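S.K.: Listed here are the chains, written in short residue letters.
Number of protein chains: 2
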Amino acid sequence: MALRTLGPKAAAALDEELMSSGAFSIDQLMELAGLAVSQAMYALSPPSKTPNILVACGPGNNGGDGLVAARHLFHFGYKPTIYFPKQTKNELYGRLRTQLEQLKVPFTDDFVGEAKRTDWIIDAIFGFSFSGEVREPFPAVIKALAESKVPVLAVDAPSSWNIDSGPPDDGPGKGYNPDALISLTAPKPLVKWFKGRHFVGGRFVGKEIANKYEFDVPPYKGSDQIVEVGSHGEKL
Amino acid sequence: MALRTLGPKAAAALDEELMSSGAFSIDQLMELAGLAVSQAMYALSPPSKTPNILVACGPGNNGGDGLVAARHLFHFGYKPTIYFPKQTKNELYGRLRTQLEQLKVPFTDDFVGEAKRTDWIIDAIFGFSFSGEVREPFPAVIKALAESKVPVLAVDAPSSWNIDSGPPDDGPGKGYNPDALISLTAPKPLVKWFKGRHFVGGRFVGKEIANKYEFDVPPYKGSDQIVEVGSHGEKL
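Quick note, the sequences are listed as chains A and B, same order.
The opening position of the first sequence corresponds to residue 1 in the UniProt record's numbering, with each subsequent residue numbered one higher.
The opening position of the second sequence corresponds to residue 1 in the UniProt record's numbering, with each subsequent residue numbered one higher.
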């Protein structure tokens, strides 16, 4: 039995509920989500084997999760490099960037070039609110992900995939199927088409909320913040 | 060799730096600190053995760490109960309380009674900014901690201990030596007098900052958020 999935509208409504009546700040949720992403990366390959991690960050919350993950990766002993081309004036993302700068984590403008030199890539470009349109400068980035020989860990969704209906038939993401995925809170319907190693993270929702939104609390063990499941969300 | 300690003035200056030029929000730091506290509790005794945890929360940041820890403990399968008698109008603590209420985590006014029935107690009353004066209603609480037959995990400092000079010679905390301690960021000088199991958590400071404040980055393993060290901070 696979974990039930959380569609894009339900995921947006859940986020809204957590930050209104749930009284969570986005700082709290993003810190836990980004930590989970970094721990999935560690489970895939430790820094002794693959020190260099290129983190591609989009303009929204998925990119914020990537910025947080990169900071934790630094503390785990990796050498992360950040690609974050669409920086908004959002105060939180500015602070997340400063936190990385204080650690002297480098930022790059050349994703395609760096992607050939790194050991792993984290795709934190688009998440569950992806609208279906890949705007500049991301088409070339997503094409590079689709063609990458370096393994990729996608955050919540392989960027350019439709959250409900999976991989695109054409465009820059055609043929993109990342090596690994970390679903945040719950797998999204697109996992039906996913084939790699699959983790779930974001351990901040109880059974009551999960029942209301018709998904399952993942089978976390002990005090772990991530759990590995099957490609489509099956319990391993 | 024991880890170098962080005195109360340096700890306050570090917090100030992290939240000004470091660009951290208190939400972020408290989330990571509270998570570390909950994971130390899990390492001490899992919920299958000791499901009931009484968390005593003071009016400041140490209490906030306790509120965050209690939420994570709930997700790990424990049944936490909160004692939080001095609730200020601080917006963050109000939200942390709401997050617990949403999970139906109970609050109690009767610390001394609950302390006899629970399986473990977390002392999150006073941290490194403790001034030396135990104000109401905490004298009876600290006396109960000192006399407790139920094991106690203290957060950053055994409450009522002087951060530099350790256990008090008299007053309610006389004879209080908790079973376990989690030092946040770095051990405080008081660990010289501590005798129990000792963890360090709060993995958000790099070597540069640690050097500036003359303490050591603890020997964390892998992607862990806590590490067990000797009573006085020796590497195990």
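Don't read these hints as lab results, they were simulated from the structure.
Take the hints with a grain of salt, since some may be wrong.
[To be verified] In silico DSS-like links for lysine-lysine, alpha-carbon gap of 25 Å or less: (1) A/207 with B/49; (2) B/104 with A/212; (3) A/79 with B/207; (4) B/49 with B/86; (5) B/104 with A/221.
This one's a predicted model, so the numbers in the text were calculated from it and none came from an experiment.
S.K.: Each of the hints needs a verdict: does it hold here or not?
M.R.: Taking the hints in turn, this is what the structure says about them:
A threshold of 25 Å between alpha carbons decides the hint, and for residue 207 of chain A with residue 49 of chain B the separation of about 22 Å falls inside it, so the pair holds. At roughly 16 Å between alpha-carbon atoms, residue 104 of chain B and residue 212 of chain A fall within 25 Å of each other, so this suggested pair holds. Distance check on the hinted pair: residue 79 of chain A and residue 207 of chain B sit about 14 Å apart at the alpha-carbon level, within 25 Å; holds. Distance check on the hinted pair: residue 49 of chain B and residue 86 of chain B sit about 31 Å apart at the alpha-carbon level, beyond 25 Å; violated.
Our distance criterion of 25 Å between C-alpha atoms is met by residue 104 of chain B and residue 221 of chain A, whose separation comes to about 22 Å.
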